[in-house]
Amino acid sequence: MRIEHVGLMAEDTKKLADWYCTALNMKVVFTAEGENAPVFIADDRGAVLEFFPPQPQFEYPESQERKVTHIAIEVDDLESAAAQIQSAGGRLADETLSLFGGAKARFFEDPEGHWLHMIWRPEKLW
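Counting in this note's numbering, the sequence shown runs from 1 upward without gaps.
Note that these hints are calculated values from the structure, not bench results.
Check each hint, because a few of them may be wrong.
Have a look at the derived ranges for each label pair, beta carbon to beta carbon [to be verified]:
hint, residue 1, residue 2, range
1, Glu33, Pro56, 14 to 24 Å
2, His117, Ala42, 12 to 22 Å
3, Ser98, Thr31, 38 to 48 Å
4, Arg91, Ala37, 23 to 33 Å
As the structure is a prediction and not an experimental result, all values here were calculated from the model.
Backbone N, C-alpha and C define an ideal beta-carbon position, used for all residues, glycine too.
Using the sequences and the accompanying hints, generate a full structural model.
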């Protein structure tokens, strides 16, 4: 078994998918039919994100709760990745975090308020 994709709720699935493609060098791999339909994007290693519209009965979590769950994006150069995300309109957290194993991470927020972090590791831990 393996993870097939990670899904994020989006008010405008195409617009948010386009932002990720620009900010993170990903590409659209599938778009379902219909208005504001799910959009799937992938990185060059095949990791897939889905953007899907909210369901009418779903209560969107508060901003702070949305920060707890995140997606980690591996980068080769933390500073140039931060510059790319910022130039695409992403909001960066002020500080770079030092993590176990010598890793460095920096959180950022996409245009719809999802918190992710980019991470650089000197070597693979798994």
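Results of checking the hints against the structure:
1. Glu33 <-> Pro56: 14 to 24 Å: Given about 20 Å between the Cβ atoms, the range holds.
2. His117 <-> Ala42: 12 to 22 Å: holds, 19 Å
3. Ser98 <-> Thr31: 38 to 48 Å: Given a distance of about 39 Å, which is inside 38 to 48 Å, the answer is holds.
4. Arg91 <-> Ala37: 23 to 33 Å: Between Arg91 and Ala37, where Cβ atoms are some 27 Å apart, the hint holds.
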